[in-house]
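Trainee: Protein chains in written order, with our numbering: chain A, 18 to 331; chain B, 18 to 331; chain C, 18 to 331.
Since the hints were made in silico from the structure, they are not lab data.
Treat the hints with care, since some could be wrong.
Pairs involving identical chains hold if they fit within one copy or between any two copies, as the list cannot separate such chains.
[Said to hold, decoys possible] As a list, the in silico DSS-like pairs of lysine-lysine whose alpha-carbon atoms are at most 25 Å apart:
no. : residue 1 : residue 2
1   : Lys197    : Lys292
2   : Lys305    : Lys249
3   : Lys262    : Lys110
4   : Lys24     : Lys141
5   : Lys197    : Lys46
Fair warning: this is a prediction, and the values are worked out from it, not measured in the lab.
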Amino acid sequence: MNIISSKDISKEFIENIFKRASEFEERTKVETRLIASEQNDIAKGKILATIFYEPSTRTRMSFESAMIRLGGNVISASDMKNISSSKKGESLKDSAKVISNYCDVIAIRHNEKGAVEEFSKGSKVPVISAGDGANEHPTQALLDFYTIEKEKGTIDGLKIVLVGDLKYGRTVHSLSKLLKHYNVELYLVSPELLKMPEEIMSELAGLKIHTTENLSEVISEVDVLYMTRVQKERFENPFDYEKCKDAYIIDNEILKSAKKEMIIMHPLPRVNEIKEEVDLDSRAKYFKQAENAVYVRMAILEEVITNDGLRITN
Amino acid sequence: MNIISSKDISKEFIENIFKRASEFEERTKVETRLIASEQNDIAKGKILATIFYEPSTRTRMSFESAMIRLGGNVISASDMKNISSSKKGESLKDSAKVISNYCDVIAIRHNEKGAVEEFSKGSKVPVISAGDGANEHPTQALLDFYTIEKEKGTIDGLKIVLVGDLKYGRTVHSLSKLLKHYNVELYLVSPELLKMPEEIMSELAGLKIHTTENLSEVISEVDVLYMTRVQKERFENPFDYEKCKDAYIIDNEILKSAKKEMIIMHPLPRVNEIKEEVDLDSRAKYFKQAENAVYVRMAILEEVITNDGLRITN
Amino acid sequence: MNIISSKDISKEFIENIFKRASEFEERTKVETRLIASEQNDIAKGKILATIFYEPSTRTRMSFESAMIRLGGNVISASDMKNISSSKKGESLKDSAKVISNYCDVIAIRHNEKGAVEEFSKGSKVPVISAGDGANEHPTQALLDFYTIEKEKGTIDGLKIVLVGDLKYGRTVHSLSKLLKHYNVELYLVSPELLKMPEEIMSELAGLKIHTTENLSEVISEVDVLYMTRVQKERFENPFDYEKCKDAYIIDNEILKSAKKEMIIMHPLPRVNEIKEEVDLDSRAKYFKQAENAVYVRMAILEEVITNDGLRITN
């Protein structure tokens with residue numbers, strides 16, 4: 018069982034993950050971070066390999082922490098790009114054939130779209146995507162939805178706005194592919210240059226969608242504000258960047274027009290697209306999102322390791 | 018409870034750490050490196066994150082070894098500088114808010130003064146400094162004092178000489194801030210260019226202090242010789258370097274004028290400031306210092322994790 | 018007990034390693050990767066440090082996986098070259114004196130011949146070579162022989178061809194030094210420029226040896242085909258490279274003239290010297306070789322840790 022694309026994830030799988038993640042979250046609180054014996058046995062004697070062709074400390078560490086909290090072990094290659102075998106021109110499939118002898122499950126990040134799937138073809142053990150280029154980041158999508166459900170009590174019926182770089186942001190792409198399971202109203206806010214690609218739009222067919230370049234037009238209507246960063250490097254013309262960047266910055270002023278119960282999310286790291294003053298606002302949930310990463314990845318690893326349950330395909 | 022500056026460390030805390038470190042040392046010897054069951058339970062189910070913005074294998078590994086010998090687990094970012102999130106401009110506080118979800122205690126090294134304290138403001142879990150720029154290295158100071166006490170039986174009443182780069186050496190700075198708890202006579206030996214900064218000197222008010230550029234003037238008087246390296250890069254004028262470098266090299270010849278019971282210390286790595294011939298001298302304790310790193314860091318981690326004890330503030 | 022050169026490894030040691038590796042292999046299959054309690058206790062409370070001055074994910078990970086499967090723990094420096102202490106000019110012996118305080122056994126890779134032995138002089142704990150420059154890779158040699166014995170039932174009496182870069186390939190060098198224990202017929206196939214060095218040839222005195230530049234001349238006669246890669250960088254004249262490179266590529270066509278029971282080996286990574294089509298041939302054993310790495314390194318680590326057994330010297 019691999020977890021490579023959000024689009025292969027079933028509603029049943031999602032619900033099972035949320036149930037277990039919530040149990041892990043509760044237990045962690047009760048036990049003030051002490052791992053219960055049951056929890057500790059789930060991955061006993063198992064090894065997770067974290068294989069990152071592109072460094073990402075937060076994603077890697079949350080996977081490793083999740084595995085350890087399940088009682089398992091970790092081996093790690095945090096910077097595969099500079100490793101001799103990849104430099105020597107070994108194929109991804111060959112790398113997978115070799116590395117999968119040394120572990121029981123692999124979490125892999127790669128900078129190129131499709132590389133995770135290619136790698137999985139050579140692996141003897143389950144492969145979990147930790148992101149491939151601008152393409153997918155399915156475990157991030159799951160923890161994003163988990164956060165929404167925990168904070169709002171439900172996902173169905175919500176109005177969700179995705180803001181910023183919708184073209185290259187793999188987070189919003191993976192998240193979008195899960196939306197088909199829910200009855201939500203979607204707002205897409207981005208500069209023309211960074212708008213949601215057609216292939217993702219086609220996944221969203223059936224949902225009520227509003228698109229605009231202007232966040233202030235829609236912020237008062239939504240229940241979930243999902244921010245991503247607009248990177249200067251994406252623009253060919255610096256003037257284009259200057260023109261739009263301020264339209265995608267969240268501060269206390271713009272939040273005055275938002276609902277009292279709206280939640281603010283961000284996959285992090287943020288730079289200046291959410292002002293630090295907003296951290297004190299009770300609607301800010303982006304650090305809670307980062308905490309949820311552990312519970313959700315514990316549930317995903319458990320599912321993949323025990324493999325006794327639900328299929329991820331519909 | 019954070020361990021960020023030597024100046025916040027109380028005498029009571031030091032004494033407790035020394036007592037426990039000594040117990041860990043004894044037990045390690047008796048059991049020929051086998052970890053006793055009690056010892057093995059202290060950090061059971063806990064995770065140490067080692068976050069190094071500046072690589073330092075020896076300091077990182079001794080922390081990790083200490084955590085594992087207490088029965089705990091480790092996740093590691095050994096080269097944070099090159100990680101995407103720091104490059105993207107995430108604040109230290111944000112990094113701490115995220116990473117502290119994935120562990121129970123953090124040991125952090127940073128190349129900039131004050132960075133560890135800034136990081137600690139965002140952390141949900143205890144933060145232990147593993148050095149920040151030329152500023153502090155409190156756990157090194159504790160293991161240095163532990164070594165002195167073990168080797169000399171006491172610290173009070175000793176004559177201690179600090180030699181070499183007293184301006185940029187964070188080791189001697191952190192060590193100096195602990196000296197207020199003891200009644201020692203201090204000798205500061207360095208080239209004018211690398212003399213102890215005023216702010217540290219003010220911490221030492223109350224101690225009897227001798228300063229000189231000439232080690233041979235004082236070596237016969239002292240009980241502890243604490244060497245640090247004089248780096249060529251610190252000098253604007255290469256001629257200044259050439260002039261003073263030989264005055265700060267320890268060999269068998271210069272040791273003839275030293276006391277028979279004097280001990281020689283060095284935070285390591287050494288290059289040529291202590292000749293290899295000195296390693297055979299029974300007064301050489303710098304490798305014993307490196308060994309003590311594990312026992313002292315075990316005691317510090319235990320203190321921070323169990324957190325049931327003494328405050329580090331006076 | 019150190020494992021530094023194949024030439025110090027006795028027949029008795031090899032046989033013991035093969036017996037235990039085979040037991041680990043069997044147990045792993047039966048338990049579908051679950052570690053038995055007995056197995057899990059062999060390295061309990063022990064720490065392996067993997068110290069790689071030259072990155073090698075596959076070798077490092079297989080050592081780490083082996084240690085964890087024995088119930089032990091791992092600390093790791095996967096890129097020592099860029100670490101401050103080596104850059105500052107610390108000697109290998111000093112590094113060993115310090116690092117060996119933090120672990121119970123060290124697996125070390127270095128890019129320079131002799132560096133592993135130099136390092137071992139400072140270490141308090143057993144040192145296992147994970148390769149030093151073009152010189153040695155004794156644990157690879159052991160797993161290569163293990164693979165031959167498992168696949169062919171015996172080593173004595175076999176005809177073995179070593180193909181490719183016999184000058185710089187440390188794998189074939191270490192392997193050659195073990196051959197003295199066996200009665201084999203050896204074929205050496207390489208371009209003149211990359212032929213086996215004289216010092217290795219003298220180790221092989223007593224064996225029947227055929228040398229040629231032409232693989233097709235001998236492929237029909239051999240029982241074991243051991244491929245290594247011919248790297249373009251080794252040639253001063255690109256024309257020399259072009260001339261010989263195709264003579265050392267294995268595809269289905271050339272395999273038609275090989276024995277039905279011949280086995281194909283490669284230390285990996287391979288680039289194009291074995292075509293991917295060959296992977297489907299039942300004679301292809303190079304990925305099985307990579308799997309065997311774990312079992313053999315488990316046996317080696319067990320031997321070194323328990324240290325209750327056979328000497329590696331004759």
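Trainee: Each of the hints needs a verdict: does it hold here or not?
Mentor: A quick look at each hint next to the structure:
1. Lys197 / Lys292: neither (32 Å within a copy, 43 Å between copies)
2. Lys305 / Lys249: This pair counts as neither: shortest intra-copy Cα distance 27 Å, inter-copy 48 Å.
3. Lys262 / Lys110: Between copies, since 24 Å is at most 25 Å while 41 Å is not.
4. Lys24 / Lys141: within (23 Å within a copy, 35 Å between copies)
5. Lys197 / Lys46: neither (32 Å within a copy, 41 Å between copies)
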